[in-house]
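Student: Since chain A is already given, all that's left is putting chain B with the ligands on it; use the hints.
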Amino acid sequence: MPEMTYRDAINLALKEEMRRDSSVVTWGEDVALYEGSFKVTRGLLAEFGEERVKDTPISENTIIGVAIGAAMGGLRPVAELMTVNFALLAMDQIVNHMSKIRYMFGGQTFLPMVIRAPGGGGSQLAAQHSQSLETFFMHCPGMYVAMPTTPADAKGLLKTAIRDNNPVMFLEHELLYNSKGEVPEDPEFLIPFGKANVIRAGSDVTIVAYSRMTALALEAAIELERESISCEVVDLRTLTPLDTETFISSARKTGRAVVVEECWHSAGLGGDIAWRIHNACFETLLVPVARVSGLDVPMPYSRKLEKLCIPQVSSIIQAVRSVLSGASQG
Amino acid sequence: MEVRLRAVLADKELIRLYRQMVLSREFEDACAEQYTKGNITGFLHLYTGQEAVAVGATAALGRDDYILSAYREHAQAIVRGAEPRRVMAELFGKATGMCKGKGGSMHLFDPELSFMGGYAIVGGQLPIAVGLALSAVQRGENRITACFFGDGAVNQGTFHESLNWARLWELPVLFICENNFYGIGTEMHRSSALASIHKRTCGYDIPSEKVDGMDVIAVLRAIRHAADKVREEQRPYFVEAVTYRFRGHSMSDPAKYRSAAEHEMWKARDPIPSFAKRLIEEVIVTESELAEIRKECSEEVSEAVRFAEESPWPEDDEVYEDVYV
Ligand SMILES: Cc1ncc(C[n+]2csc(CCOP(=O)(O)OP(=O)(O)O)c2C)c(N)n1
Ligand SMILES: [Mg+2]
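Chains as they are written, first to last, in full-length UniProt numbering: chain A, 1 to 330; chain B, 1 to 325.
Looking at chain A on its own, in the form it has when it is part of the complex:
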C-alpha cells in the first residue's frame, strides 16, 4: 500500500470520484485556479476543467445554497468552505435549509452533497480561525458529520460521503494535512458511515476520540503502555451517525472511559458521549467518565496560551491516570 499524506488522500478521493461519476462537481473560494488554500484540490481544474471545478465569490451562504439547488437538480456537488469558521456565515443554508429540505418536503427530494471544511486549532491563528465547531453540526439532525483521523480514513470516508445521498459535513483537520499513512489504492475502497474504529486495543481504559484528538490519544496510549497501562482507543470516524455500540461495549469491557474533544467543554459533544456511556454502563463502570475538552475561552493567539486551550497528550495522560486512580475529573 502506498504511503501518502492526509491531504493527498483527500485529493485522491476527489479525483477518483470525479472520474467515476461526471455529476460530481466541486466549488469554493480559491478552489480551482489557486488549487485550494490548503492545496487539497491540486490538479482538479487541470484534469476536470472549469465546468466541474469552479472558483466562487466570497459568499459562503450562497456557496452552500447553490450546492443545495444543484444537488436537488441532480448534480453531486462537493462544496469547499475555506475553513470551518466560515461555515458560520453559511449556517442559514446549512441548518435552516440543507438539513431540513428532505424532511419538510415530505421525503420528495434528497441532497447528495458534501461540504468539505478544514478546521481545528493549534496554528496560532487566534480566535476567529481556530474553532472546532463539530458539536454545532452534530447537534442538528438531517446531515451526517464525518471527521477522519488517518489518511486511509480520509480517503474512504470522503468517497462514501460523495456517494451517499444525504448531505455530509466532512470536517478535515488542518494539522493533519501533512500526516502520513498507508492508503489503499483500490478505487472501491470505502469506509462505511456509523462504524467506529477500535484503532488500538486495550484493557484498562477506553479513550473515545475523533480527528486529531485520536492522534493525540494514540500518542498518550503509547506513553502509558510504558507504565503498563493498557488503553483502548476508539476513533469515532463519523459523529453522525454515531456508533454508540462500539464505544459502549469497549467501556463495558474496560470499566473506565475518557472522552477527548477538541471543541469547547460546555455543551460539547463529549458530554453527550459521556452520558451515553453512563446510561448504558452504569452498573459496570468503575469510575465516572472523564472528559478532556477545549478550554471554554475564545482561542488566544499566544503559543503559550493556545496550548492551554487545546487538549494535549499530557492532558489525556492525566485524565487516564485520574480514572485509574478512581477519581474522574472534568
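These aren't lab readings, by the way, just hints derived from the structure by calculation.
Okay, derived cross-link-like pairs now, SDA-like style, lysine to any residue, Cα gap no bigger than 25 Å in a straight line: (1) K100/A / G157/B; (2) K267/B / R16/B; (3) K100/A / A120/B; (4) K15/A / W169/B; (5) K100/A / A95/B.
Label pairs and their calculated CB-CB ranges: (6) L88/A / R269/B: 40 to 46 Å; (7) P187/A / E83/B: 45 to 51 Å; (8) E141/B / V313/A: 53 to 59 Å; (9) L194/B / S22/A: 39 to 45 Å; (10) H225/B / Q124/A: 55 to 61 Å.
One side of the interface only, derived from the structure: several residues of chain A facing chain B at Cβ under 8 Å: (11) H97; (12) G106; (13) T109.
Keep in mind it's a predicted model, so treat the numbers as computed, not measured.
Don't be surprised by glycine CBs; every beta carbon is placed ideally from N, CA and C.
Tutor: Frame of chain A, contents of chain B with the ligands only:
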C-alpha cells in the same frame, strides 16, 4: 393603453387565467376560515390581492421550468397544478398533504410540477434557485429557474450574493420580486435606501424591469419576455411586480400600520374584477359564465376542505421518516 386581450392569448387561455385567480382567492378565503376554526394552525400567510402575479407569471413559464417561492406560496403551487385538496390537507397537517403534513403552509413542494419549494427564511430560496439553474445547464436541460421573493428579501445578503453569482456564472435564473410594499409591518421606505427595487440590479449588470402586478396580462407579457430572454441568452433577468396584499402579513396581523385610504386605493385595483371587466368588454365571456366559474371554484375549494377534514393524521412512526435517505 392596455393591449387587447386576444392579441395576447386565445379565449380559452384568458378564461383560464381568470379561473386561476378566482381559485386562488377562494382558496385563501377558505384558509382564513379554517384557521379561525382551528383546523389550520401555525403561521398562515395569505396571497389575497397578489393573484395576478402568480397567475400571469406561471402562465408565461414552461412546464419544466423550476419555480421556487417564499412562504406565501399556496397560489403559486395551485396555479402550477397542485391539487387544492392536497394543499389544503397539507395545511391541516394531514397524511394526504403534499408533503405528508410535514411542511405545512410555508413549505409546499412537488418535483413532478417542478415546484421546488416554499421557503420560510427570508431570502433563503435565492441561492437554491441559482443552484438548480446550474444543475439544469450542466445536465443539458432546457429549463429556466423562476425564483419568487418579496420586497423584504432584497436586503438579505443572499439576494446580493445570488444576483452576483447568477450573472457571474451566466445562469438562466428569472428573479421575480413581488413588491407589496411591506415586510410584515415595515413599509419599504423604512427599510430600503433605494425603494425602487428593480434599479438595484445594475450593480450586478442584470437587466430588469418593473411591471404592474395587479394586471395579470401585464405580468404575463413581462414574464414571457423575460423568460424568453433568459432562455435565449442563458443569463439572469429581473422583474419587479408591484402589487399589494389585501390582508395582514399573516393571520395574526390586523395590518393597523396601513391607512384605510391606501387600502381602498389598492382594493379599487383588485386584479380579479378588473380582469373580469376586460373579458366582458372584449366579449370573451359573459357575466353569467364568470359567475359559473366562481361557483365551480368555490365548490372545488369546499371539496378540498372536506378532503382535508376527512383525511387521516400521519402515523406516529412517520415522525422518524425522511430525516435521511
Ligand atoms: C431570515 C428571516 N428573518 C426574518 C423573518 C421573519 N419574517 C417573516 S416574513 C418577513 C417579511 C418579509 O417580507 P417580504 O419579503 O416583503 O414578503 P411578504 O411577506 O411581503 O410576502 C419577515 C421579516 C424570516 N422569516 N426570516
Ligand atoms: Mg413584502
